[in-house]
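Given the coordinates of chain G, assemble chain A onto it according to the supplied hints.
Quick note, the sequences are listed as chains G and A, same order. Mapping of the first sequence onto the numbering used here: residues 389 to 704, in sequence order. Mapping of the second sequence onto the numbering used here: residues 389 to 704, in sequence order.
Mixed in with the good hints there might be a few duds.
Over 12 Å on every C-beta distance to chain A, these chain G residues come out as not near it, computed from the model [as the list claims (entries may be wrong)]: (1) 415; (2) 432; (3) 660; (4) 702.
DSS-like mimics (lysine-lysine), calculated; alpha carbons at most 27 Å apart, straight line [stated by the list, open to error]: (5) G:664 - A:567; (6) G:515 - A:538; (7) G:515 - A:465; (8) A:664 - A:615; (9) A:465 - G:538; (10) G:567 - A:567; (11) G:465 - A:615; (12) A:538 - G:465; (13) A:567 - A:581; (14) A:465 - G:567; (15) G:415 - G:515; (16) G:538 - A:538; (17) A:567 - G:581; (18) A:664 - G:567; (19) A:581 - G:538; (20) G:489 - G:415; (21) A:465 - A:581; (22) G:538 - G:515.
In silico negatives: residues of chain G with every beta carbon more than 12 Å from chain A [what the hints assert, rightly or not]: (23) 409; (24) 482; (25) 580; (26) 600; (27) 682.
Derived from the structure by calculation, the hints contain no laboratory data. Ideal placement from N, C-alpha and C gives every residue a C-beta, glycine not left out.
There are 2 protein chains.
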Amino acid sequence: MLRLGVDVGGTFIKAGVVDESCTIVHKVSVPTGGDAGFDTSVQHIAHAAELAAQEAGLQVNDLASVGIGIPGLLNPKTGVVVSAPNLSGWQNVPFRDAIQKLLPVPVYVGNDANCAVVGETLAGAAKGYDNVVMLTLGTGVGGGIVADGKLFVGGQGLGAELGHMALQMDGAVCGCGMKGCIEAYCSVTSLVKQTLRAMEADPSSAMHGYAKEAGLVDGRTAFECSKMGDRAAVEVVEHYCRYLANAIGSLVTAFRPDVVLIGGGLSNQREYLMDKLNALLPRYVFASDLIGVPPIRRATLGNDAGTIGAAFLDRV
Amino acid sequence: MLRLGVDVGGTFIKAGVVDESCTIVHKVSVPTGGDAGFDTSVQHIAHAAELAAQEAGLQVNDLASVGIGIPGLLNPKTGVVVSAPNLSGWQNVPFRDAIQKLLPVPVYVGNDANCAVVGETLAGAAKGYDNVVMLTLGTGVGGGIVADGKLFVGGQGLGAELGHMALQMDGAVCGCGMKGCIEAYCSVTSLVKQTLRAMEADPSSAMHGYAKEAGLVDGRTAFECSKMGDRAAVEVVEHYCRYLANAIGSLVTAFRPDVVLIGGGLSNQREYLMDKLNALLPRYVFASDLIGVPPIRRATLGNDAGTIGAAFLDRV
Numbered sequence: 389m390l391r392l393g394v395d396v397g398g399t400f401i402k403a404g405v406v407d408e409s410c411t412i413v414h415k416v417s418v419p420t421g422g423d424a425g426f427d428t429s430v431q432h433i434a435h436a437a438e439l440a441a442q443e444a445g446l447q448v449n450d451l452a453s454v455g456i457g458i459p460g461l462l463n464p465k466t467g468v469v470v471s472a473p474n475l476s477g478w479q480n481v482p483f484r485d486a487i488q489k490l491l492p493v494p495v496y497v498g499n500d501a502n503c504a505v506v507g508e509t510l511a512g513a514a515k516g517y518d519n520v521v522m523l524t525l526g527t528g529v530g531g532g533i534v535a536d537g538k539l540f541v542g543g544q545g546l547g548a549e550l551g552h553m554a555l556q557m558d559g560a561v562c563g564c565g566m567k568g569c570i571e572a573y574c575s576v577t578s579l580v581k582q583t584l585r586a587m588e589a590d591p592s593s594a595m596h597g598y599a600k601e602a603g604l605v606d607g608r609t610a611f612e613c614s615k616m617g618d619r620a621a622v623e624v625v626e627h628y629c630r631y632l633a634n635a636i637g638s639l640v641t642a643f644r645p646d647v648v649l650i651g652g653g654l655s656n657q658r659e660y661l662m663d664k665l666n667a668l669l670p671r672y673v674f675a676s677d678l679i680g681v682p683p684i685r686r687a688t689l690g691n692d693a694g695t696i697g698a699a700f701l702d703r704v
Numbered sequence: 389m390l391r392l393g394v395d396v397g398g399t400f401i402k403a404g405v406v407d408e409s410c411t412i413v414h415k416v417s418v419p420t421g422g423d424a425g426f427d428t429s430v431q432h433i434a435h436a437a438e439l440a441a442q443e444a445g446l447q448v449n450d451l452a453s454v455g456i457g458i459p460g461l462l463n464p465k466t467g468v469v470v471s472a473p474n475l476s477g478w479q480n481v482p483f484r485d486a487i488q489k490l491l492p493v494p495v496y497v498g499n500d501a502n503c504a505v506v507g508e509t510l511a512g513a514a515k516g517y518d519n520v521v522m523l524t525l526g527t528g529v530g531g532g533i534v535a536d537g538k539l540f541v542g543g544q545g546l547g548a549e550l551g552h553m554a555l556q557m558d559g560a561v562c563g564c565g566m567k568g569c570i571e572a573y574c575s576v577t578s579l580v581k582q583t584l585r586a587m588e589a590d591p592s593s594a595m596h597g598y599a600k601e602a603g604l605v606d607g608r609t610a611f612e613c614s615k616m617g618d619r620a621a622v623e624v625v626e627h628y629c630r631y632l633a634n635a636i637g638s639l640v641t642a643f644r645p646d647v648v649l650i651g652g653g654l655s656n657q658r659e660y661l662m663d664k665l666n667a668l669l670p671r672y673v674f675a676s677d678l679i680g681v682p683p684i685r686r687a688t689l690g691n692d693a694g695t696i697g698a699a700f701l702d703r704v
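Bound-form chain G, shown alone (with noise of 0.2 Å):
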């Protein structure tokens, strides 16, 4: 049986065809129109979903069902999005309802971080796994969990706001507007302000050389110069990995997952990342000694995590 996952972003939304081994047979990006307002959007949606199952040679009539994922915070039982910050008119908007108005197979609705640990889970860097934990490091800190085998995502479907969870009381203002969020620590946003301050005080840093030439300063600055032995660089790296390992310790002390994966675009740092949380996180879990602690690793289906998971929102 042939499915239809699709991924909303801020710009494209991504729809794939993927069958019942969690490969994706086909897939499209169309524009999202997220300046354009609520209906549009919806239409573009549907849309997307129509192209990618006649470019497989199908109608949306073929396939079992479509899963969408949604970048925002929303009740998957009742299909309502509160929030989607990077969607033009998307406040407390009945979008299951309305999509479903258009598409002749059941739709079901998730958030778009909950679809990536969904996939990673069936498909990908926690294969075979029935608790995982995942973060997704980009301007944000997204975060799923699988539970028993099980998306978990808290009363009402709006829980599991991870990046939004508490590491430093009276901390860092966070883009959500509270102080002291883990996303105000760990987000790709936060490294480069990070970055950017160290660079001011150490105006000898390897890491103005490194922007110059790259053109910009980006989550990949430190990084890449903390490898090549820059002080102030691998102290931003060092000091960036303590708070992000604690980060990972404190939902391993909640949900004792089997595994943690990063995704987003830093989780391209891959082992030099890896193995310096793996290092840390002991000592930022409960009881580490007596009971260990999980592996952490990279996601490995990129973008097509979203994908695949919205596509398998009904069975898990």
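Chain A only, in chain G's frame:
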């Protein structure tokens, strides 16, 4: 059908015969004998169960099951207790297998704080709710979660150690050896430390006279003197409540419960504590302006919560 619930503490074992309506029809209390090693305390637990049945005019055989709450880290599926700091010799012991040999009906085991949230959800302050987070504030901070009507214990049943989640990176040293845990700020032990510090800093504080009369400094000292308007006591209470509200906010962000319960001795501060926490909570919960916050309430079953919850471990 009657069940037996057993709440094992460091000093006493409380065993109660519980009916279908979650009423304890008879209860007994016997010494734990926790210093005498694992085998002896297991015998004491079996004896407590037999005694409670006997005094209710029954035999253990007449009961549907025996549920046992243990103050420690354990895997409810395997029945292995990894660690129970207040019970001597209880490290990596096959507790359920051992006690099952002594009792003729099915035995279920769980963590004591988890039993408490089950009891309160079935018969106490969270009755009728499907999603509940409970913190028991005492020497430490115990945590329990009911999600979608089921007890949530994390992978291998070793999660939900809410007292050891992060609240302050590199913060106060916790009894567990880590730094900045919720317990290091929100336990009564920590409140007493904060009270003593404030007393030392302000010899004119009314807390000195209050403690002298009471014969000790305990969790009540700052709260009672705060009610009388003592400036130093007010500061201790405000500081304590801010940390506790931030901890609760972080848990709400993760679990989105319908209600949050506070148990343990400090919950005797009733509305004085709950009103402060409820007023502070919105600033510590993600998207509280859009989706509100759950109420924080006092647990109502006291010590019986653990006994009742243990009796129904098989059901949740």
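Going straight from one Cα to the other, do residue 567 of chain G and residue 567 of chain A come out at no more than 27 Å? Measuring from Cα to Cα gives roughly 19 Å; hence the hint holds.
Is it the case that residue 600 of chain G keeps its Cβ farther than 12 Å from each residue Cβ in chain A? 33 Å, holds
With the threshold set at 27 Å, check whether the alpha-carbon distance from residue 538 of chain A to residue 465 of chain G stays at or below it. 18 Å, holds
Would residue 702 of chain G pass as off the interface with chain A, using Cβ distances and a cut of 12 Å?
Check passes; 17 Å lies beyond 12 Å.
* CA of residue 567 of chain A to CA of residue 581 of chain G, is that 27 Å or under? -> 25 Å, holds
**Prompt:** Does residue 567 of chain A lie within 27 Å of residue 664 of chain G when you go C-alpha to C-alpha?
**Reply:** It holds: about 19 Å lies between the C-alpha atoms, which stays within 27 Å.
- Message: According to the definition I'm using, a residue is off the interface if its beta carbon is farther than 12 Å from all beta carbons of the partner; does residue 580 of chain G meet that for chain A?
- Response: 20 Å, holds
Check: Does the alpha-carbon distance linking residue 515 of chain G and residue 538 of chain A stay inside the 27 Å limit?
Finding: Given pair residue 515 of chain G, residue 538 of chain A holds - Cα atoms ~25 Å apart, limit 27 Å.
- Is it true that the CA of residue 567 of chain A sits at most 27 Å from the CA of residue 581 of chain A? Status holds; Cα separation ~16 Å.
Quiz item: Within a Cα-Cα threshold of 27 Å, do residue 489 of chain G and residue 415 of chain G meet the stated pairing?
Solution: OK: residue 489 of chain G and residue 415 of chain G at ~23 Å, within 27 Å.
Does residue 482 of chain G clear chain A by more than 12 Å, comparing its Cβ with all Cβ atoms of that chain?
Correct as stated: the minimum Cβ-Cβ distance to chain A is 15 Å, above 12 Å.
Is the straight-line distance between the alpha-carbon of residue 664 of chain A and that of residue 615 of chain A 27 Å or less?
-> It holds: about 12 Å lies between the C-alpha atoms, which stays within 27 Å.
Violation of the numbered hints given earlier is confined to hints 11, 14, 19, 21, 27; the remaining hints are satisfied by the structure.
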